[in-house]
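**Q** Quick note, the sequences are listed as chains W and Y, same order. So for the first sequence, the numbering used here puts the first residue at 396; every next one is plus one. So for the second sequence, the numbering used here puts the first residue at 80; every next one is plus one.
Worth double-checking, as some hints may not be accurate.
[Unchecked claim] Below, computed lysine-lysine pairings styled on BS3-like, alpha-carbon distance capped at 27 Å:
hint, chain 1, residue 1, chain 2, residue 2
1, Y, 267, W, 405
2, W, 550, W, 452
3, Y, 197, W, 405
[To be verified] FRET-style restraints, in silico, Cβ to Cβ:
hint, chain 1, residue 1, chain 2, residue 2, range
4, W, 413, Y, 300, 44 to 50 Å
5, W, 594, Y, 208, 36 to 42 Å
6, Y, 192, W, 642, 47 to 53 Å
7, W, 419, Y, 279, 46 to 52 Å
8, Y, 267, W, 419, 45 to 51 Å
Hints in this document: simulated from the structure, not taken from any laboratory. Built from N, CA and C at the ideal position, the CB exists for glycine as well.
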Amino acid sequence: MLTTLSRIIKYGLQAFWRNGPQSTATVAILFLVLLGFTGLLVFNSVTNIILMDIQDKIDISVYFKIDAPEDSILDVQRSLDSLSEVKSTEYISRDQALKIFKIQHQNDQTISQSIEELDINPLSASLNIRAKELKDYSTIASYLDKEQFTSIIDKVSYTENVNVIDRLKSIKNNVEQGGFILLIFMSIVAALIIFNTIRLAIFSNREELGIMRLVGASNFFIRGPYLLEGIIYGFIGSVMSIILTSILVYYTAPHFNVLISNGDVWVYFKARFFTLFLYELIFGIGLGVLSSYFAVRKYLKI
Amino acid sequence: MIIFQNVTKNYKVDNHETIALNDASLHIHQKEFVSLVGKSGAGKSTIIKLLIGEERPSKGKVIIGSYNVNKLKSNELPYLRRKIGVIFQDFRLLANKTAYENVAFALEVAGRTPQEIKEFAPQALDMVGLGDKMKNFPRELSGGEKQRVAIARAMINHPDVLIADEPTGNLDPVNTSEIIKLLLKINKLGTTVLLATHNKEIVNGLNKRVISLEDGRIIRDEEEGKYILV
Numbered sequence: 396m397l398t399t400l401s402r403i404i405k406y407g408l409q410a411f412w413r414n415g416p417q418s419t420a421t422v423a424i425l426f427l428v429l430l431g432f433t434g435l436l437v438f439n440s441v442t443n444i445i446l447m448d449i450q451d452k453i454d455i456s457v458y459f460k461i462d463a464p465e466d467s468i469l470d471v472q473r474s475l476d477s478l479s480e481v482k483s484t485e486y487i488s489r490d491q492a493l494k495i496f497k498i499q500h501q502n503d504q505t506i507s508q509s510i511e512e513l514d515i516n517p518l519s520a521s522l523n524i525r526a527k528e529l530k531d532y533s534t535i536a537s538y539l540d541k542e543q544f545t546s547i548i549d550k551v552s553y554t555e556n557v558n559v560i561d562r563l564k565s566i567k568n569n570v571e572q573g574g575f576i577l578l579i580f581m582s583i584v585a586a587l588i589i590f591n592t593i594r595l596a597i598f599s600n601r602e603e604l605g606i607m608r609l610v611g612a613s614n615f616f617i618r619g620p621y622l623l624e625g626i627i628y629g630f631i632g633s634v635m636s637i638i639l640t641s642i643l644v645y646y647t648a649p650h651f652n653v654l655i656s657n658g659d660v661w662v663y664f665k666a667r668f669f670t671l672f673l674y675e676l677i678f679g680i681g682l683g684v685l686s687s688y689f690a691v692r693k694y695l696k697i
Numbered sequence: 080m081i082i083f084q085n086v087t088k089n090y091k092v093d094n095h096e097t098i099a100l101n102d103a104s105l106h107i108h109q110k111e112f113v114s115l116v117g118k119s120g121a122g123k124s125t126i127i128k129l130l131i132g133e134e135r136p137s138k139g140k141v142i143i144g145s146y147n148v149n150k151l152k153s154n155e156l157p158y159l160r161r162k163i164g165v166i167f168q169d170f171r172l173l174a175n176k177t178a179y180e181n182v183a184f185a186l187e188v189a190g191r192t193p194q195e196i197k198e199f200a201p202q203a204l205d206m207v208g209l210g211d212k213m214k215n216f217p218r219e220l221s222g223g224e225k226q227r228v229a230i231a232r233a234m235i236n237h238p239d240v241l242i243a244d245e246p247t248g249n250l251d252p253v254n255t256s257e258i259i260k261l262l263l264k265i266n267k268l269g270t271t272v273l274l275a276t277h278n279k280e281i282v283n284g285l286n287k288r289v290i291s292l293e294d295g296r297i298i299r300d301e302e303e304g305k306y307i308l309v
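Okay, chain W solo, but in the shape it has when bound (with noise of 0.2 Å):
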């Protein structure tokens, strides 16, 4: 068993070197097919790095009025805090608001005097809300449209915002859709060009299958070397895709940095490389071993 397991590698890894011209071309379809593959994998993650950026720096404000007690503001907090859909919330008190707004405007000597010149703070306290998904924020904004609020509230960002709101809403489940329905679509076209580009493959060697069967070959005998040929072709067609795929992130991560407030598309890359690659190991050994598997099957009837 041992003998006729080393004598199969060696076969295999022989009809690898020997049939050159033609290992190569597989190879390199491999290779390409695995690329496209791992680009749309690696382009849907981006895409999702940055709509979840954008998606975190949309929130809504709720301004209360001047004359709205603070207890009453932060039963209003508790109360939307208690909310399944809201992950967080931020209370900005008028004296926050007016620090803030000070820091913020001190280089404006205009604005900066007028503000001295003023006896009474004229700007309202505020919650900044958070919700967990973009779909929460229309229920967030119709709870706090609820009567027993219209008393201290003066205004809620919401309706300003609906519509940035809503763009986002749709791209992102637009991206999300085509992105999976792309993904499925590409994995089949993957599967289906390395399955004929190994049948063919094997097709060219139909006469040699026969001989092997005439010479007293056992099915395993002969078929064991071409599925490590399909070992091999998955394995350097993948290889050879991460280590492309690799590089082109690494020079285009700059241009897509710019598009994310925090974080480095390079760095989320790295630390996804072993899952990404493993993926690619699977789906590439898989699909070669397999179309090996199905393409002799035909020529071990004689």
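Chain W is already provided as a structure; the job is to place chain Y on it using the hints.
**A** Chain Y in isolation, oriented as in the chain W frame:
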């Protein structure tokens, strides 16, 4: 020992039935040298395909030694084929393997050890006079040399039977006579030889048993026969 008992083989093509072999019975003893003669389509190749299990008979029984070929399962066929050496008109060598590797392959599939392979494969190539061309690929060999590699491969596992299907069809007269001499030598060493051919000169020069086929029927079976076909 080869036995055909009332063997019929039909092929169905487009609902039209052709009879390739019609109720053929024959008995070939061990160490015999038998020529199978007949025109193309007479049934020679069908007999060979039935012997090596490439086809199953529609009716009747095919027996080689201890094997009942009809009843062999697909995974048992390799064992039968290691007991039969076969050579063909088109040589059927593995194009990507050298002469040595082609011969060694037959030993490897039979599970021989590396030491045995290193010993036997060069011996077999020496026997057919190709000791100096072991490292050549088939494309670097002449027709006669390719056929000799095929013979070395066929004989390497010491088969009980050597089947030669038009082995000289692609060869010039000099190579033809050398191949026939080689087959006679192999037969003398104790292997049953079944030679399918339509080369009249070869058959008439052999003075061995001749089985003549016509339209799928055995029409003549003579010891020390001649090639007599209209």
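**Q** Now tell me, hint by hint, if it's right for this structure.
**A** Cross-check of the supplied hints:
| no. | hint | verdict |
| --- | --- | --- |
| 1 | Y:267 <-> W:405 | violated (37 Å) |
| 2 | W:550 <-> W:452 | holds (20 Å) |
| 3 | Y:197 <-> W:405 | holds (16 Å) |
| 4 | W:413 <-> Y:300: 44 to 50 Å | holds (47 Å) |
| 5 | W:594 <-> Y:208: 36 to 42 Å | holds (41 Å) |
| 6 | Y:192 <-> W:642: 47 to 53 Å | holds (48 Å) |
| 7 | W:419 <-> Y:279: 46 to 52 Å | holds (50 Å) |
| 8 | Y:267 <-> W:419: 45 to 51 Å | holds (50 Å) |
Of the numbered hints given earlier, the model fails hint 1 alone.
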